[in-house]
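Protein sequences, first through last, are from chains A and B.
So the first sequence is numbered by the numbering used here: it starts at 1 and just counts up by one.
So the second sequence is numbered by the numbering used here: it starts at 1 and just counts up by one.
Wrong hints could be hidden among the right ones.
Intra- or inter-copy, both count: the list cannot distinguish identical chains.
What the hints assert, rightly or not - Okay, derived cross-link-like pairs now, DSSO-like style, lysine-lysine, Cα gap no bigger than 30 Å in a straight line:
| hint | residue 1 | residue 2 |
| --- | --- | --- |
| 1 | Lys291 | Lys105 |
| 2 | Lys248 | Lys370 |
| 3 | Lys248 | Lys338 |
| 4 | Lys269 | Lys451 |
| 5 | Lys2 | Lys338 |
| 6 | Lys204 | Lys64 |
| 7 | Lys21 | Lys291 |
| 8 | Lys261 | Lys370 |
| 9 | Lys79 | Lys204 |
| 10 | Lys106 | Lys362 |
| 11 | Lys248 | Lys64 |
| 12 | Lys338 | Lys21 |
Hints were generated in silico from the structure; no laboratory data involved.
Protein chains: 2
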Amino acid sequence: MKNFFEPHSIAVVGVSRNPNKVGHVIFKNLIEGGFAGDVIPINPETSQILNYKVYSSITKVSKKIDLAIIAVPANVVLKVVKECNHVNVKNLLIVSAGFGEIGNKKLEDELRNYLNENKMSAIGVNCLGIYDAYHNLDALFIPRYRLRRPKPGGISFVCQSGAIGAAILDKATEEHHTFSKFISYGNATDIDESDLLEYLAEDKHTNVICLYIEGIKDGEKFFNTLKKVSKIKPIVAIKGGLTEQGGKAVLSHTGALAGKKEVYLGIFKQTGVIYAESLEEMFDVASLLEKGVACKGNRVQIITNGGGYGILSTDAISSAHNLVLASLSSETASNLKKAFPPTVSVHNPLDLVGDATTERYKIALEACSKDDGIDAILLIVLYQTPLITTDIVEVIGEMHRETKKPIVVVSTGGEFTQNLSYSLADSGLPTFSYPENAVKALDKLAWYEQKKRVL
Amino acid sequence: MKNFFEPHSIAVVGVSRNPNKVGHVIFKNLIEGGFAGDVIPINPETSQILNYKVYSSITKVSKKIDLAIIAVPANVVLKVVKECNHVNVKNLLIVSAGFGEIGNKKLEDELRNYLNENKMSAIGVNCLGIYDAYHNLDALFIPRYRLRRPKPGGISFVCQSGAIGAAILDKATEEHHTFSKFISYGNATDIDESDLLEYLAEDKHTNVICLYIEGIKDGEKFFNTLKKVSKIKPIVAIKGGLTEQGGKAVLSHTGALAGKKEVYLGIFKQTGVIYAESLEEMFDVASLLEKGVACKGNRVQIITNGGGYGILSTDAISSAHNLVLASLSSETASNLKKAFPPTVSVHNPLDLVGDATTERYKIALEACSKDDGIDAILLIVLYQTPLITTDIVEVIGEMHRETKKPIVVVSTGGEFTQNLSYSLADSGLPTFSYPENAVKALDKLAWYEQKKRVL
Chain A
1 MKNFFEPHSI AVVGVSRNPN KVGHVIFKNL IEGGFAGDVI PINPETSQIL NYKVYSSITK
61 VSKKIDLAII AVPANVVLKV VKECNHVNVK NLLIVSAGFG EIGNKKLEDE LRNYLNENKM
121 SAIGVNCLGI YDAYHNLDAL FIPRYRLRRP KPGGISFVCQ SGAIGAAILD KATEEHHTFS
181 KFISYGNATD IDESDLLEYL AEDKHTNVIC LYIEGIKDGE KFFNTLKKVS KIKPIVAIKG
241 GLTEQGGKAV LSHTGALAGK KEVYLGIFKQ TGVIYAESLE EMFDVASLLE KGVACKGNRV
301 QIITNGGGYG ILSTDAISSA HNLVLASLSS ETASNLKKAF PPTVSVHNPL DLVGDATTER
361 YKIALEACSK DDGIDAILLI VLYQTPLITT DIVEVIGEMH RETKKPIVVV STGGEFTQNL
421 SYSLADSGLP TFSYPENAVK ALDKLAWYEQ KKRVL
Chain B
1 MKNFFEPHSI AVVGVSRNPN KVGHVIFKNL IEGGFAGDVI PINPETSQIL NYKVYSSITK
61 VSKKIDLAII AVPANVVLKV VKECNHVNVK NLLIVSAGFG EIGNKKLEDE LRNYLNENKM
121 SAIGVNCLGI YDAYHNLDAL FIPRYRLRRP KPGGISFVCQ SGAIGAAILD KATEEHHTFS
181 KFISYGNATD IDESDLLEYL AEDKHTNVIC LYIEGIKDGE KFFNTLKKVS KIKPIVAIKG
241 GLTEQGGKAV LSHTGALAGK KEVYLGIFKQ TGVIYAESLE EMFDVASLLE KGVACKGNRV
301 QIITNGGGYG ILSTDAISSA HNLVLASLSS ETASNLKKAF PPTVSVHNPL DLVGDATTER
361 YKIALEACSK DDGIDAILLI VLYQTPLITT DIVEVIGEMH RETKKPIVVV STGGEFTQNL
421 SYSLADSGLP TFSYPENAVK ALDKLAWYEQ KKRVL
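With the hints as extra help, turn the sequences into a complete structure.
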């Protein structure tokens, strides 16, 4: 699998001169993405593209090729695959569409058989490509100005749907989330989700695996892989086609059978996979795990400068299945009462009230990080109140480096707020716009931590 | 009530020379907000602030004052109120804190009695202030650089918590939502949520009322008001302190009794109030109603260029309580099949696939807007795909103006996507980042439309 993500040389078969065509876009992205190895364009009808010498066939390339990316029409794919095999190029990323998903099962079966018989490995067909942030490998067929690429970090995303992958990747980048790998695997003609999960379990950069699936062909393999991988890395999964009508839509999308809702939810529960009910929730849980946050227990202390936010967070934690409200130790409470004016409410929520200063936050954070009765801190900072100075992000960042307890930050607002939140995200803190989303994500993380112990 | 939102002259009592103090901030905001009438600062200890002549007392002002904003310490408030009464200023916005919420019930009762006996009206105490976008009335005590003010539009927000109000207002502005009025009413010493709802029911600019409450003093009045107002305007409500522990937090915040969850949910259901389970959901439903969108029925057609998004939306609609998937009429289906290549899936979801062009969207939108079997269109546009041109926002905007069916747009992505979404929002279309959120909001709207008919 290493040849897919850390190749030294790549051939792109089907690089059109037309800059809107898939092969051309991928070729350009590999170059603009700063890929360090050789990138060789293949096209029998031209001799030069973007100042690169074009080869008429992969069989004409004398250099050793680690990965061939195939972007030719479906009916030509098998011919190209055979040429690759002929020159011993065994790793293929096939982005071409037009197979099982539009009824051409026979063509796809023929391709699969050839790959298997010749011990070749392929990601695809009918996929968007792959991206590896640590190796500057940008083999996605969407222009970089339409879909921004994330910086290196802890999320890896295995996605059966190209469009979902692209959209989420773009939004995640905007919100300063960081990725190790993104893999759109389409019809899973050869390499499937289970193979990718196994590989990511061992990827040192991956802290959390996001998974969007529509249909699974080998259920037993999938079950066993999830169980094995969950013990090593958290998996957050979302399943398309869980309803009867959604299942019908799956059939016409990736040609897969969607399967029953109860079956999938049962599998996820048994194997310790975090089930996300929406794309946003998948994203929320992943951003909590992205920086390697682990939660040793389930007792959450709320610190806030907005009373209403404290109340809504209390409601959310009380209603969560796997979280409880922490109680400040009598020592912590007595110290905080001495340090704060009487308007501050020293309980849970710890309400620093509307005239809270950065200093007040510092005292509260220090006390809570030392209190053994607290496992995680839900830190609400509303930057709209006038006495908060922007250096609060440094105070929070410092505390995050010093304590082993997760600090989850909630701030709602416009540009001023967003910039401060991004700054905290860049320092490694999970940040949220709404308290309910943060608590829901923490709840799922707490479930995973409990489950992991008994897997 | 009109004097609160459309005053010709305002006195601000307690305008400090210190620019961080509440009275100073409000005074400055009124001026910078472009308020057209007179703004008169009151402070016995100085003669000039920001080039305005300062009066030592409201009793020294000879002009007629429609609204007095009081920002003095709690123990001085009653004295100032009496002076206002003395010069026949009967409408007061009292932002000062330090009453019932910190145990000073007696002081608040005294104030309330005086107001009642002298037929004065007050919003507050312990509140953030009010904002009216149509009358350039910015009487909020948060600087404008920390909390951006929304443009005139259809949302009015009645909020017992100042911090929640400020944070949501700021975020909503960032996302191009538009407001009529924002009212933080704090302890509801005199004017309460019911009085404000009654007023907003008749406000011609308000299309939807958002309500955040923690505790209600007069339950019967509240119930009757909700029932009456719901028939005229949709209300989206969120209630802080629905759990036992959340209720305790309410007590120390606004000094109110939170009440039982079942009671509130029952009241909302009976009176046709849309209950929001989170701040984000309140926001989502409100943005659907902001532009006056009404949904005549519950049959939703999905149009998408991402198969996975179509599937997740199908799942969400199938799982919703008040929505069903529309069926294309045989005429629509046959016309679309003629117009599109065979890769396009002419069903629900109508999947225009990854090479969808702006033209393909135009044909799909026109056909669906003419089909009588469709009540609303969930339009998924993922701008990451290469053949979509940016003029698609004009095509969608034009269709929105021509059809009476709601078109709800879902696009996920970074800056490129966001700018196009904002452009659509400015043309009056509701836009969402995730399909599940859009469907959930539509589901709540459909519930309201059904309920309204039998209220």
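Is the C-alpha distance from Lys291 to Lys105 at most 30 Å within one copy, between copies, in both cases, or in neither?
So Lys291 and Lys105 fail the 30 Å test inside a copy (41 Å) and across (47 Å) alike.
Up to 30 Å CA-CA - Lys338 versus Lys2, copy category
Neither: 58 Å inside a copy, 46 Å across copies.
How do Lys21 and Lys291 come out at 30 Å by Cα distance, when the copy is not named: within, between, both, or neither?
For Lys21 and Lys291, the Cα distance exceeds 30 Å both inside one copy (36 Å) and across copies (40 Å).
What label fits Lys269 with Lys451 when the C-alpha limit is 30 Å: within, between, both, or neither?
within (9 Å within a copy, 37 Å between copies)
With 30 Å as the alpha-carbon cut-off, assign the pair Lys79 and Lys204 to within, between, both or neither.
neither (36 Å within a copy, 68 Å between copies)
Classify it for me, Lys248 with Lys370: is the Cα-Cα distance of at most 30 Å met within a copy, between copies, both or neither?
between (54 Å within a copy, 25 Å between copies)
Intra/inter-copy verdict for Lys248 and Lys64 if alpha-carbon distance must be at most 30 Å:
neither (44 Å within a copy, 70 Å between copies)
Give the relationship of Lys204 and Lys64 under a CA distance limit of 30 Å: within one copy only, between copies only, both, or neither.
within (27 Å within a copy, 73 Å between copies)
Within, between, both or neither: how does the pair Lys338, Lys21 come out at a Cα-Cα threshold of 30 Å?
between (68 Å within a copy, 25 Å between copies)
As a check of your reading, is Lys106 near Lys362 (CA-CA no more than 30 Å) within one copy, between copies, both or neither?
For Lys106 and Lys362, the Cα distance exceeds 30 Å both inside one copy (65 Å) and across copies (35 Å).
Checking an output row: Lys248 and Lys338, CA cutoff 30 Å. Within, between, both or neither?
For Lys248 and Lys338, only the inter-copy Cα distance (22 Å) is at most 30 Å; the intra-copy one is 63 Å.
Between copies, within a copy, both or neither: which fits Lys261 and Lys370 at Cα up to 30 Å?
Neither way: Lys261 and Lys370 sit 44 Å apart in one copy and 35 Å across, limit 30 Å.
Consistency note: the structure conflicts with the earlier hints numbered 1, 5, 7, 8, 9, 10 and 11.
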